[in-house]
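> Residues per chain, in single letters:
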Amino acid sequence: MAKRLIPLFDRVLVQKIAQKTVSNGGILLPESAGASKLNSAKVIGVGPGKVSKNGNVIPVCVKEGDTVLLPEYGGTSVKLGEDEFHLFHDDDILGILKD
Amino acid sequence: MAKRLIPLFDRVLVQKIAQKTVSNGGILLPESAGASKLNSAKVIGVGPGKVSKNGNVIPVCVKEGDTVLLPEYGGTSVKLGEDEFHLFHDDDILGILKD
Amino acid sequence: MAKRLIPLFDRVLVQKIAQKTVSNGGILLPESAGASKLNSAKVIGVGPGKVSKNGNVIPVCVKEGDTVLLPEYGGTSVKLGEDEFHLFHDDDILGILKD
Amino acid sequence: MAKRLIPLFDRVLVQKIAQKTVSNGGILLPESAGASKLNSAKVIGVGPGKVSKNGNVIPVCVKEGDTVLLPEYGGTSVKLGEDEFHLFHDDDILGILKD
Amino acid sequence: MAKRLIPLFDRVLVQKIAQKTVSNGGILLPESAGASKLNSAKVIGVGPGKVSKNGNVIPVCVKEGDTVLLPEYGGTSVKLGEDEFHLFHDDDILGILKD
Amino acid sequence: MAKRLIPLFDRVLVQKIAQKTVSNGGILLPESAGASKLNSAKVIGVGPGKVSKNGNVIPVCVKEGDTVLLPEYGGTSVKLGEDEFHLFHDDDILGILKD
Amino acid sequence: MAKRLIPLFDRVLVQKIAQKTVSNGGILLPESAGASKLNSAKVIGVGPGKVSKNGNVIPVCVKEGDTVLLPEYGGTSVKLGEDEFHLFHDDDILGILKD
Chain A
1 MAKRLIPLFD RVLVQKIAQK TVSNGGILLP ESAGASKLNS AKVIGVGPGK VSKNGNVIPV
61 CVKEGDTVLL PEYGGTSVKL GEDEFHLFHD DDILGILKD
Chain B
1 MAKRLIPLFD RVLVQKIAQK TVSNGGILLP ESAGASKLNS AKVIGVGPGK VSKNGNVIPV
61 CVKEGDTVLL PEYGGTSVKL GEDEFHLFHD DDILGILKD
Chain C
1 MAKRLIPLFD RVLVQKIAQK TVSNGGILLP ESAGASKLNS AKVIGVGPGK VSKNGNVIPV
61 CVKEGDTVLL PEYGGTSVKL GEDEFHLFHD DDILGILKD
Chain D
1 MAKRLIPLFD RVLVQKIAQK TVSNGGILLP ESAGASKLNS AKVIGVGPGK VSKNGNVIPV
61 CVKEGDTVLL PEYGGTSVKL GEDEFHLFHD DDILGILKD
Chain E
1 MAKRLIPLFD RVLVQKIAQK TVSNGGILLP ESAGASKLNS AKVIGVGPGK VSKNGNVIPV
61 CVKEGDTVLL PEYGGTSVKL GEDEFHLFHD DDILGILKD
Chain F
1 MAKRLIPLFD RVLVQKIAQK TVSNGGILLP ESAGASKLNS AKVIGVGPGK VSKNGNVIPV
61 CVKEGDTVLL PEYGGTSVKL GEDEFHLFHD DDILGILKD
Chain G
1 MAKRLIPLFD RVLVQKIAQK TVSNGGILLP ESAGASKLNS AKVIGVGPGK VSKNGNVIPV
61 CVKEGDTVLL PEYGGTSVKL GEDEFHLFHD DDILGILKD
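Chains as they are written, first to last, in the numbering used here: chain A, 1 to 99; chain B, 1 to 99; chain C, 1 to 99; chain D, 1 to 99; chain E, 1 to 99; chain F, 1 to 99; chain G, 1 to 99.
Among the hints, a few may not be true.
Claimed, not checked - Taking lysine to aspartate or glutamate pairs in the EDC-like style, the calculated list, with each CA pair at most 16 Å apart, reads:
| hint | chain 1 | residue 1 | chain 2 | residue 2 |
| --- | --- | --- | --- | --- |
| 1 | B | Lys53 | A | Asp91 |
| 2 | D | Lys63 | D | Asp92 |
| 3 | G | Lys79 | F | Glu72 |
| 4 | A | Lys79 | G | Glu72 |
| 5 | G | Lys3 | F | Asp66 |
| 6 | A | Lys53 | G | Glu72 |
| 7 | B | Lys50 | A | Asp92 |
| 8 | D | Lys79 | C | Glu72 |
| 9 | F | Lys3 | E | Asp66 |
| 10 | E | Lys50 | D | Asp91 |
| 11 | F | Lys79 | E | Asp99 |
| 12 | A | Lys50 | G | Asp91 |
| 13 | F | Lys50 | E | Asp92 |
| 14 | C | Lys3 | B | Glu72 |
| 15 | B | Lys50 | A | Asp66 |
| 16 | C | Lys79 | B | Glu72 |
Note that these hints are calculated values from the structure, not bench results.
Chain A extracted, bound-state conformation (with noise of 0.2 Å):
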């Protein structure tokens, strides 16, 4: 069963950050108090970059480790073992998120 997937061209793999729903002190957080629905993810792994049309290698944005944030839509999920990651174009992911 492979455990490593390395994307290809400017594809990103991430894996989401589950929203946190309960407080530091172990109290359930109602859905509007202010926990902002982060649609928050980790990189795990980056493709070369996508081609130019002079044939050129644009290299990806972001690097494994980053923290980023993801649009509302789209993606596609990839099942690895028991983790499930998502796979993004490069283009597609908003911004780094950092505290």
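Once you have looked at the hints, place chains B, C, D, E, F and G on chain A.
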């Protein structure tokens, strides 16, 4: 909880400027009182720029701190904690507003 | 309240010229009296220009002060205070009107 | 009232040539009498040309004074005073008519 | 009355070749008698060629006098006096017919 | 009656290879007897190639005499005398078949 | 009967890997037993690559022998004798699977 978002490619992160509905003297301005409903916003952050066909990065035209005029439609809404922001592509922004 | 708008990319800010409906002698001109309904406007401001595929900026063809012929449709209306302006892309403008 | 229009980009200003419906001897020509209904026009003015992908200006193929064959449809009608003109893009014009 | 048409860009002016419906011996050929209905035509005139993205002119592939195979559909019909011609874009023409 | 057709641009003239329905021993092969219905054809002639954006000719990938695998749909049928041929664009042909 | 197919352009010939439905101990695996249904395949052959806008050949990213992850849809099925293969365009293949 992520506090900052660094836009990717030619995306621009803006925060919409609420329309003035009360005159300086505190009187509620009627809709038609010349308070033109400008769809304006403050630029919070910009991406590095779009990648041209032959791989060059084309820098974004607006910069952090600019006040810009947004199109009537479009943009992606992003909530970071309590604050709401919007992401627009650089070439969807109509212009820079100056006093 | 913002008083000036600097267009971005290849956008052109224009102010439409009201059609003459009264002859020099003060007589109300009937619609068909040769007062051809030219969709003309004055150029108020221009953007730096469109960015070509390989990253060069292609300057706009019209300049501030030109009188131009607008297409019948299109353009984005912008109200700055009491005044109404319109934004057109450079290559939607049909031509420059000369006496 | 503007009397001249300078076309922009690759636009060509033409004035349609009325079809001959009376023979030289003054006799009314029936529709089918070989007086082929050529959609021809005289070139009044031309724009500088279209801008290519990498920013070069590609000059227009026809010049002022040419008699050209127009496509059956298309073109933008422009009335300057009493006269009616039409604007076509250079690559919509089918060919140059010669005696 | 214009007698000649010089095509523009990559347009090719052709005159369709009527299909042989009578055998050399003068007998009327039935439709199915192998007289394949080739949509062939004689090239009367060619334009200078299409302009490539970076402004180079790409000459047309066929020349005056060639016998060509036309696609089943397309082309613009042009009547010059009594004669009927057709205008095709160079890359719509399927091939050159040789004995 | 034209006997030869020289394809233009990136077109390839092919003649489809009839499927074997009788085994070597002369027995009628049932449809499912592994006689896979390969949509194969012999290359009769090729065009010079497609013209790239900047005017270079990109030669065709197959050559006269190759046996090729055709897509299930597409192609233009051409009858030259008694024979039926088909024209395909080079990049519609799936591959070259080898024993 | 052709035994080999050499893909053209950026096409990749693959043979799908049947999903394991029996555990090593020979027990029939229920659908949901974590045997994630990976749409994987072995690369049998690759084309030379796609031709870029200015005529350069852009080599394919995968090579013979790679195990790849296929998209859920797409691909052209090809039967060579008893075996079934599929043709995919290089940039439709999601990634390379590694143990």
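> Against each hint, give a clear statement of whether it holds in the structure.
Here is what the structure says about each hint:
1. B:Lys53 x A:Asp91: Cα-Cα ~14 Å, so holds.
2. D:Lys63 x D:Asp92: Satisfied, since the Cα-Cα distance of roughly 15 Å is no more than 16 Å.
3. G:Lys79 x F:Glu72: Holds - the C-alpha atoms of Glu72 of chain F and Lys79 of chain G are around 13 Å apart, at most 16 Å.
4. A:Lys79 x G:Glu72: Holds, because 12 Å separates the two Cα atoms, which is no more than 16 Å.
5. G:Lys3 x F:Asp66: With a Cα-Cα distance of about 15 Å, the restraint between Lys3 of chain G and Asp66 of chain F holds, given a limit of 16 Å.
6. A:Lys53 x G:Glu72: violated (27 Å)
7. B:Lys50 x A:Asp92: Holds: Lys50 of chain B and Asp92 of chain A sit about 13 Å apart, inside 16 Å.
8. D:Lys79 x C:Glu72: holds (12 Å)
9. F:Lys3 x E:Asp66: Satisfied, since the Cα-Cα distance of roughly 14 Å is no more than 16 Å.
10. E:Lys50 x D:Asp91: holds (9 Å)
11. F:Lys79 x E:Asp99: holds (14 Å)
12. A:Lys50 x G:Asp91: holds (9 Å)
13. F:Lys50 x E:Asp92: holds (12 Å)
14. C:Lys3 x B:Glu72: This hinted pair is violated, its Cα atoms lying about 19 Å apart.
15. B:Lys50 x A:Asp66: Roughly 20 Å between the alpha carbons, so the hint for Lys50 of chain B and Asp66 of chain A is violated.
16. C:Lys79 x B:Glu72: holds (12 Å)
In the structure shown, a violation is registered for the earlier hints numbered 6, 14, 15, in ascending order.
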